[in-house]
Amino acid sequence: MMTTSSSLPSTSPSSSSSSPADDDMEEDTLSISSLVHNSTQTLGVLKKSMADMSWMDLMQKGEDRRKRLNVFKTVLRELSKCCTDVQVGLRSTKQDAVASSEEVVLLREQLRSLSAEMMFLRQALGMKAASQTHTNGLPHLVTPMQADQGYMDPMIRESTSSIPSHHNSSSSGCSCGTNSQLSPYFLPSSSAGTGTRDPYTELEDLVHMSGPLTEEAVLKVLHHRWQRGECQTRIGPVLVNINPYRGIPTEQVLQHSRHGHHPHLHNVANTALKQLIETGTSQSIILSGATGSGKTYASQLLLRQLHELAGGGAETESFKHLVNAFTVLRSLGCAKTKHNSNSSRMGQYIEAMMSNCSIYRTKLHCYWLDQSRVVQPPQGERGYHIFYQMLAGLSAEERVKLHLTGYSAKDLHYLNNVTEADDSERDRIRFDAWRKSLTSLGIHFFDVMRVMAAILLLGNIQFIDDGGFELDIKGNNEIKSVAALLGVSGVALYRGLTTRTRNLKGQVFKSLCDAQSANQNRDSLAKALYCRTVSAVIRKVNSITRHNNTRHYSATSSGSDDTLSNDSLGCKPMRHQPSPVPSKSSTNQSSTSSHSSMGDGFISILDMFGLESNECNKFEQLCVNFSAETIEQFYTTRVFKHTQDVCRQENVHCDINVEYCDNTPCLQFLLAQDHGLFSVIDSESRSLDNTCDQLIQTLNVKCAQSNGYYTSALENSHQFTIKHSSQNITYDAGDFLDANSDVISDDVITIFQKRSCNFGFTTHLFSQELKTLQGGSPKGLLFRISPSPPRECSGKSETFTTYSQDLVYRLDSLIKTLDQTQTHFVRCIKSNNKEEPTSFDSDVVKQQLRSLQILETVHLITGGYPHQLKMSEFVRRYRFLAHHKRLRGTSDRLHDDCKILLDCFLHIMDNSNLPYVSTRWALGTKHIFLSVEAWQCLERLRDSRRDIAAVIIQSYVRRWSCKTKWPTLKSVLRSGPKRVQFKEPIYEGIQSPPSSVSRSSSESHRYDVVQDSCSMYAIDSSKPEPPPVPKNRPFPYTVTSSVKSADFPQTRIMTHNFPADCKDPLVKKGELILVMGPCDTDGFLVVEFNNYTLKVPHQHTQLKPTGYTLGTRI
0 MMTTSSSLPS TSPSSSSSSP ADDDMEEDTL SISSLVHNST QTLGVLKKSM
50 ADMSWMDLMQ KGEDRRKRLN VFKTVLRELS KCCTDVQVGL RSTKQDAVAS
100 SEEVVLLREQ LRSLSAEMMF LRQALGMKAA SQTHTNGLPH LVTPMQADQG
150 YMDPMIREST SSIPSHHNSS SSGCSCGTNS QLSPYFLPSS SAGTGTRDPY
200 TELEDLVHMS GPLTEEAVLK VLHHRWQRGE CQTRIGPVLV NINPYRGIPT
250 EQVLQHSRHG HHPHLHNVAN TALKQLIETG TSQSIILSGA TGSGKTYASQ
300 LLLRQLHELA GGGAETESFK HLVNAFTVLR SLGCAKTKHN SNSSRMGQYI
350 EAMMSNCSIY RTKLHCYWLD QSRVVQPPQG ERGYHIFYQM LAGLSAEERV
400 KLHLTGYSAK DLHYLNNVTE ADDSERDRIR FDAWRKSLTS LGIHFFDVMR
450 VMAAILLLGN IQFIDDGGFE LDIKGNNEIK SVAALLGVSG VALYRGLTTR
500 TRNLKGQVFK SLCDAQSANQ NRDSLAKALY CRTVSAVIRK VNSITRHNNT
550 RHYSATSSGS DDTLSNDSLG CKPMRHQPSP VPSKSSTNQS STSSHSSMGD
600 GFISILDMFG LESNECNKFE QLCVNFSAET IEQFYTTRVF KHTQDVCRQE
650 NVHCDINVEY CDNTPCLQFL LAQDHGLFSV IDSESRSLDN TCDQLIQTLN
700 VKCAQSNGYY TSALENSHQF TIKHSSQNIT YDAGDFLDAN SDVISDDVIT
750 IFQKRSCNFG FTTHLFSQEL KTLQGGSPKG LLFRISPSPP RECSGKSETF
800 TTYSQDLVYR LDSLIKTLDQ TQTHFVRCIK SNNKEEPTSF DSDVVKQQLR
850 SLQILETVHL ITGGYPHQLK MSEFVRRYRF LAHHKRLRGT SDRLHDDCKI
900 LLDCFLHIMD NSNLPYVSTR WALGTKHIFL SVEAWQCLER LRDSRRDIAA
950 VIIQSYVRRW SCKTKWPTLK SVLRSGPKRV QFKEPIYEGI QSPPSSVSRS
1000 SSESHRYDVV QDSCSMYAID SSKPEPPPVP KNRPFPYTVT SSVKSADFPQ
1050 TRIMTHNFPA DCKDPLVKKG ELILVMGPCD TDGFLVVEFN NYTLKVPHQH
1100 TQLKPTGYTL GTRI
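In terms of numbering that gives the first Met the number 0, the sequence shown is residues 0 to 1113.
Since the hints were derived computationally from the structure, they do not count as laboratory data.
Any given hint could be a false lead.
As the list claims (entries may be wrong) - With a straight-line cut-off of 20 Å between C-alpha atoms, the simulated DMTMM-like cross-links for lysine to aspartate or glutamate are: (1) Lys509 - Asp464; (2) Lys335 - Glu396; (3) Lys1094 - Asp1079; (4) Lys337 - Asp731; (5) Lys504 - Asp688; (6) Lys640 - Asp446; (7) Lys925 - Glu649; (8) Lys337 - Asp840; (9) Lys833 - Asp688; (10) Lys884 - Glu855; (11) Lys722 - Glu658; (12) Lys753 - Asp737; (13) Lys435 - Glu396; (14) Lys617 - Glu658; (15) Lys833 - Glu611; (16) Lys479 - Asp431; (17) Lys273 - Glu316; (18) Lys273 - Glu250; (19) Lys617 - Asp734; (20) Lys337 - Glu380; (21) Lys219 - Asp731; (22) Lys509 - Asp471; (23) Lys925 - Asp942; (24) Lys833 - Asp422; (25) Lys617 - Asp737; (26) Lys509 - Asp688; (27) Lys1094 - Asp1081; (28) Lys833 - Asp818; (29) Lys701 - Asp731; (30) Lys869 - Glu938; (31) Lys969 - Glu1087; (32) Lys898 - Glu872; (33) Lys335 - Asp464; (34) Lys479 - Glu380; (35) Lys869 - Asp902; (36) Lys884 - Asp902; (37) Lys617 - Glu380; (38) Lys400 - Asp410.
Start from the sequences, fold in the hints, and give me the full structure.
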């Protein structure tokens, strides 16, 4: 049963005994009710008068119309004064009685509706738009009419939307105002002058938009903020990030020292770390958007901010290692496409593992790599950056060693599909940085270069069927060069590429390949070398664990794996929580969902693909779009489904019902067990003899009942169209079977056995497969190009694992991992398709707003309950609102405790002086539901109270520390040793002669020893100047009875404050002091400073290197 704010514990006036005070209260309530009633009637007359006039007439010029508009505005000002009187009347009455009165609750609702309607009328009358001021992070909208001396409307809503007022919903109004205890976060409305601020630019949260929430209004706000350089806008807990195509380049984000340039992105990282520490739940930050929308850029900023907060900063060795890793992977995993000049072709999942609130390890996981781009980039697009960079950056000697002398991109078959000129100088600079980063990771530069060069030269090898017994080769020099680079013989390489071993019922036999199959083996080898090299780099990056090497944090090592196996391209389950899918790294993880200590867990950053649609969409685009649909479904489930489903389960009524796009049917069509698209492609891929025509026929039969999500193309027999969540995309199935099979035969793998290959790096790349073959001859096995367990041609169907099966498995594991974390969403948008820093294409942005469902998100968060807390968590988090004696503190009284806290929340808000801010909340059976405004007010109240409490605690601790140390300091000041008297005054900066100090008995003995020594070595002791002091003895001392004793007085320098723990020390660090001699207490010196004699620890001082002493004037 739902409990609303109007059903809080109340004492009806009729149930209490009558008293004069109660009579006065009832009279005040009646007068306020009458005032609201009259104001409502006046507003109704005004609305009727305005309805009689045409809106077009109101907007036209003319003296009569202008006068009539002024009359309307005057009436609105009078109504605002009435609202002010109502608010003053509510505050002047007894707070306890009024707050519990049902009449006053009803008046609040009527006043809220009245204020909202007046807001719409002001906009309709053409009054100036609202301007916004910021009060330490809390946006507060103040209209110019409020700044006028004749207008004051303290009950105006902070943000008004097109959603109707919830008169019967569980909402409560409050005035977030200025209080002596709340001043750090709230400012009075009078402080916001008229100003010239742009209301759209200053609007940092779309939840606080005024006026109707339409697509044009959202687009206008984003456009105005983009023009002012503000490219990040919040929608409550969701962040919208527009890529401006200006600022710091992506490759310099991690190293750059500009802080605060992206405050909202930094706030996302701060919030994730704060919630991890407070709740013990792992956090995940999910970035989604189209290609070129700045997801990778944002992920780098988030990662740097996390390391600034909990990783020791950018100067630590672990962070430098991370910077080098991303520099290497950027060249290996990015390419220039038609939509993005620096498009990341692999999905990245970054885990910042935490222990004791400190990052002790950062792991990278790649979920998909565009393999076909290695051997066949799409027309008009480039291959991976590393190929062009190495051609521009290799020296002449290195080219000779790598057999690349005389080759350019146009001469290499894998790279010659682009005719435009490249920026060779830029590629050369990036290659130099790549070389240094690779070496810093501990990977041998020439090992990787030999593999990359072999891949490029493989493309120039072409097998031709000339009718002879064996295939002819076009590119004999290239095959010899490739064999030399890979450390194998040319004959072995030729045999491996042109021979096929088959296993039929246990019988192994060999056959020669045709030209097409041999060329496919060549491409498979090139893709396998590239994918496994990237996998080896990732394993090397993840093998580094930081052990307590930060300056501000300490961390302990984990027992998780330091070296990843060949499945490093897949998903790794989470630490300290139950792993959704078993893996090799899950054996050392905790089996419980709660962390062992505060600050343990991980903060992950997911940078996944957006929907892609090219002129010719192949199997790679299908995998990309499937990944995008999976992430979009997770967003839809978390933001839309979960929010509304929990409200229905707990009978919480929400007037708003957002119609959003649910892509579940599309994913069901792709993943259906028997008639799904991937299921059909997998079944057809099991037979190596099937063709594309057979695949299309099977799809047309089995996918006919897809409810419009599958449509066959009539004009092209190899094409079909899929209805995705935001658009229809047509695919060409010509390469679906080969790309999904993703196999390389063991005939090629056996080339790199240790006995026949002298290049250990390539043997290492295929170590898992060679271990399966046990060093023998080919057995007819097929291995995956991307690392995966082997499969047999004639085995059972269950042993077959295709590329799509692995992708589905890894994404399912990823979603299960994310589902156990607390998520933060960043929706990325590109400002134009041309990557121009001065262009904001409204059509392009509007299309992305629709695909990302930005408007639906704004509607839901503005009118719904996006924040849902368990009652126990709500009481624990906001128990400061009420006195602890009022709270029950038991599990069976949580409902009552929540009511008490909410009642206190209303009292605090009613006692404030700021304009009206509507806060809506509702009590369910297990949760309490909060609107964005209510949650923001509560959080700022909590932060303000915690800051005040921290100051009080600090003051008491400092007071206690001073009180405990004052007796010792007092005794030192009062009972110090007697000052040593001088016969002659010693002035500062003048060297004191030894004869100026009166000799004691010990000093007389020391003088006799000196005289004896002088007479023994024929030294004239009567000379006024002593012999020079050696350089290794910067200060004079004598040796008496094998004990070194320094001459006093001495000039020393303080290395610490004294007393060390005192706020105002007597002697500060760096000041000169005069040491009179050793103290009776071991380890202390008698010091003269400012006419005081002090006992100072010897280790707090150091000798002054000069020969001058500091004297005191007598």
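Quick rundown of the hints versus the structure:
Between the alpha carbons of Lys509 and Asp464 the distance comes to roughly 18 Å, so the proposed pair stays at or under 20 Å and holds. Distance restraint check for Lys335 and Glu396: the Cα-Cα separation of roughly 29 Å exceeds the 20 Å cut-off, and the hinted pair is therefore not satisfied. The straight-line distance between the Cα atoms of Lys1094 and Asp1079 is roughly 10 Å, inside the 20 Å bound, and the hint therefore holds. Straight-line distance between C-alpha atoms of Lys337 and Asp731 comes to about 18 Å, which keeps the hinted pair within the 20 Å bound.
For a cut-off of 20 Å, the pair hint linking Lys504 to Asp688 stands: about 18 Å separates their Cα positions. Simply put, Lys640 and Asp446 have alpha-carbon atoms about 51 Å apart, too far for the 20 Å limit, and the pair is violated. In summary, the hint linking Lys925 to Glu649 is supported, as the alpha carbons are separated by about 7 Å, within the 20 Å threshold. Between the alpha carbons of Lys337 and Asp840 the distance comes to roughly 17 Å, so the proposed pair stays at or under 20 Å and holds.
Note on Lys833 and Asp688: the hinted pairing is violated, with a Cα-Cα distance of about 44 Å set against a maximum of 20 Å. This hinted pair does not check out: Lys884 and Glu855 have alpha carbons roughly 43 Å apart, beyond 20 Å. Between Lys722 and Glu658, the direct Cα distance comes to roughly 19 Å. Compliance with the 20 Å bound is thereby established for this hinted pair. A hinted pair counts as satisfied when its Cα atoms are at most 20 Å apart, and Lys753 with Asp737 does not qualify at roughly 30 Å.
Distance check on the hinted pair: Lys435 and Glu396 sit about 18 Å apart at the alpha-carbon level, within 20 Å; holds. Distance hint between Lys617 and Glu658 is unfulfilled; the C-alpha atoms sit about 32 Å from each other, more than 20 Å. For the hint linking Lys833 to Glu611, the alpha-carbon distance of about 16 Å falls within 20 Å, and the restraint holds. The suggested pairing of Lys479 with Asp431 is violated, with an alpha-carbon distance near 28 Å, which exceeds 20 Å.
As the CA atoms of Lys273 and Glu316 are separated by approximately 25 Å, the hinted pair breaks the 20 Å bound. Annotation: proposed proximity of Lys273 to Glu250 is violated, straight-line Cα distance about 28 Å (limit 20 Å). A hinted pair counts as satisfied when its Cα atoms are at most 20 Å apart, and Lys617 with Asp734 qualifies at roughly 7 Å. Taking the CA atoms of Lys337 and Glu380, the gap is about 6 Å. The hint holds against a cut of 20 Å.
At roughly 39 Å between alpha-carbon atoms, Lys219 and Asp731 are farther apart than 20 Å, so this suggested pair is violated. Pair hint Lys509 plus Asp471 holds up; C-alpha atoms about 19 Å apart against a cutoff of 20 Å. For the proposed pair Lys925 and Asp942, the alpha carbon gap of about 25 Å is over 20 Å, so the pair is violated. A threshold of 20 Å between alpha carbons decides the hint, and for Lys833 with Asp422 the separation of about 18 Å falls inside it, so the pair holds.
Proximity of Lys617 to Asp737 is assessed by CA-CA distance (about 11 Å); at most 20 Å being required, the pair is judged to hold. Between the alpha carbons of Lys509 and Asp688 the distance comes to roughly 18 Å, so the proposed pair stays at or under 20 Å and holds. Taking the CA atoms of Lys1094 and Asp1081, the gap is near 11 Å; set against the 20 Å cutoff, the hint holds. For the hint pairing Lys833 with Asp818, the CA-to-CA distance comes to about 36 Å; that exceeds 20 Å, so the pair is violated.
Note on Lys701 and Asp731: the hinted pairing holds, with a Cα-Cα distance of about 18 Å set against a maximum of 20 Å. The hinted pair formed by Lys869 and Glu938 meets the criterion: a straight-line CA distance of about 16 Å does not exceed 20 Å. For a cut-off of 20 Å, the pair hint linking Lys969 to Glu1087 stands: about 17 Å separates their Cα positions. Restraint check for Lys898 and Glu872: satisfied, since their Cα atoms lie roughly 14 Å apart, inside the 20 Å limit.
At most 20 Å may separate the alpha-carbon atoms for a hinted pair to count; Lys335 and Asp464 exceed this at roughly 35 Å. A hinted pair counts as satisfied when its Cα atoms are at most 20 Å apart, and Lys479 with Glu380 does not qualify at roughly 29 Å. Distance restraint check for Lys869 and Asp902: the Cα-Cα separation of roughly 18 Å lies within the 20 Å cut-off, and the hinted pair is therefore satisfied. For a cut-off of 20 Å, the pair hint linking Lys884 to Asp902 stands: about 15 Å separates their Cα positions.
Restraint check for Lys617 and Glu380: the C-alpha separation of about 14 Å stays at or below 20 Å, so the hint holds. As the CA atoms of Lys400 and Asp410 are separated by approximately 18 Å, the hinted pair is consistent with the 20 Å bound.
Hint violations for this structure: numbers 2, 6, 9, 10, 12, 14, 16, 17, 18, 21, 23, 28, 33, 34, all remaining hints satisfied.
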